[in-house]
Amino acid sequence: MSKVLVVTSGKGGVGKTTSTAALGAALALSGQSVVVVDFDVGLRNLDLVLGAERRVVYDLINVVQGDANLNQALIKDKRVEMLSLLAASQTRDKDALSEEGVAKVIDQLKERFDWVICDSPAGIERGATLAMRHADVAIVVTNPEVSSVRDSDRIIGLLDSKTARAERGEKMEKHLLLTRYDAGRAERGEMLKTEDVLDILSIPLLGIIPESKAILNASNLGSPVTLSNPASTAARAYLQAAQRLMGIDVPVSVPAAERRSLFAGFFGRRVA
Amino acid sequence: MNLLNFFARRPTAPAARDRLQILLAHERAATSGQSDLVAKLREEILEVIARHVSIDREKVMVKMERGSDVSTLEVDIEIPTAEPVRRAVGA
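In the order they appear, the protein sequences are chains H and L.
The opening position of the first sequence corresponds to residue 1 in this note's numbering, with each subsequent residue numbered one higher.
The opening position of the second sequence corresponds to residue 273 in this note's numbering, with each subsequent residue numbered one higher.
In isolation and in its complexed conformation, chain H is listed as follows:
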């Protein structure tokens, strides 16, 4: 049975697109068919993070408006066969997305894929509400930082009231993905701890992604971190989060902060 997942946060820059790419690739690696859909009309970036920026011909709005069919618009990943991308339009206005049009496209995608992952734009406007509209499961990406936690709380409120599921009186499954976590700083009381954020937002934890150099290296290369550097702490955390999404019971561990080795620091070499 296929599942529609929204990756959302309210606040910008917390790692929605990075997480969409990393989790999408992780699920696809384990043999599930996955499509990642960029809802950030006018500011698309999922194509870039996936290294498919030069392959976008048709986008979500073309499909919604009937100018292209799904076969024309879906971009198959060149590294992982089971992963596809539906890009957002870079030139059109978000008002071109109609609610019925989006519902139809999501229905079509559900017939073809095990996972439909919607990458939400920041904010709480039309693009964000449309991205979450048809979701069965929400991943709330949050940094351990006050403004991100506040915005996540607001988004949780919207997930419980403005989604199709909520309106049908069904429960919306929500998971917290804590990103850019620095265990050392949290331990020293310089950063909100996982328990603090869980206490405040009271939704179950999907995973803790440590602040990691591997993430920037991955987006530099246009390859999700789970493909480009699967041994990194960040990738391992994403791979485990993907397993949890598939219903596999993997205990959540707090990933240790990356340490620069003495020599690496001494010679100024990068440790990735």
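Keep in mind the hints are simulated off the structure, nothing from the lab.
Do not take every clue at face value.
Said to hold, decoys possible - Once the Cα atoms are required to be at most 30 Å apart in a straight line, the calculated DSS-like pairs of lysine-lysine come out as:
{"no.": "1", "chain 1": "L", "residue 1": "312", "chain 2": "H", "residue 2": "171"}
{"no.": "2", "chain 1": "H", "residue 1": "3", "chain 2": "H", "residue 2": "94"}
{"no.": "3", "chain 1": "H", "residue 1": "162", "chain 2": "L", "residue 2": "312"}
{"no.": "4", "chain 1": "H", "residue 1": "162", "chain 2": "H", "residue 2": "104"}
{"no.": "5", "chain 1": "H", "residue 1": "162", "chain 2": "H", "residue 2": "3"}
{"no.": "6", "chain 1": "L", "residue 1": "335", "chain 2": "H", "residue 2": "162"}
{"no.": "7", "chain 1": "L", "residue 1": "312", "chain 2": "L", "residue 2": "331"}
What the hints assert, rightly or not - Computed, partial: chain L to chain H, Cβ under 10 Å:
{"no.": "8", "residue": "284"}
{"no.": "9", "residue": "285"}
{"no.": "10", "residue": "289"}
{"no.": "11", "residue": "299"}
{"no.": "12", "residue": "343"}
Ideal Cβ placement from N, Cα and C applies to all residues, glycine included.
On the provided structure of chain H, position chain L as indicated by the hints.
Coordinates of chain L only, in the frame set by chain H:
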């Protein structure tokens, strides 16, 4: 920053947690339909009172005010048979 401050650097995360908890308690009430809450309270309070005395549903006022330290719920119900009763309940 003087030297003493430098050595006695206090953890800031507890402040973040406390500020968020206070702020979000207010924001949740405000966004998840505070008016809805007042309407619900009004109906349920009226129901309880109407069980014991007859009241004029038009002469009822329920007001919620949010302050920084405490919020107050003010319920004003006129009971036509006896003298009017005025109640204020802190919430």
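Hint check:
Using a Cα cut-off of 30 Å, the hinted pair residue 312 of chain L and residue 171 of chain H holds, with the two alpha carbons roughly 22 Å apart. For the hint linking residue 3 of chain H to residue 94 of chain H, the alpha-carbon distance of about 24 Å falls within 30 Å, and the restraint holds. With a CA separation close to 21 Å, the supplied pair residue 162 of chain H and residue 312 of chain L stays within the 30 Å bound. Restraint check for residue 162 of chain H and residue 104 of chain H: the C-alpha separation of about 18 Å stays at or below 30 Å, so the hint holds.
Of the pairs offered as hints, the one joining residue 162 of chain H and residue 3 of chain H holds, with about 18 Å between alpha carbons and a cut-off of 30 Å not exceeded. The suggested pairing of residue 335 of chain L with residue 162 of chain H holds, with an alpha-carbon distance near 27 Å, which does not exceed 30 Å. With a CA separation close to 17 Å, the supplied pair residue 312 of chain L and residue 331 of chain L stays within the 30 Å bound. With 10 Å as the threshold, the beta carbon of residue 284 of chain L comes within range of chain H, its nearest partner Cβ sitting at about 6 Å, so the hint holds.
The criterion of a C-beta within 10 Å of any C-beta in chain H is met by residue 285 of chain L, whose closest approach is roughly 5 Å, and the hint holds. At a threshold of 10 Å, the smallest CB-CB gap from residue 289 of chain L to chain H is about 5 Å, leaving the interface hint in force. For residue 299 of chain L, the interface hint holds, since its Cβ comes within 10 Å of a Cβ in chain H; the closest pair sits about 7 Å apart. The interface hint given for residue 343 of chain L is violated, since its Cβ lies 19 Å from the closest Cβ of chain H, which is over the 10 Å cut-off.
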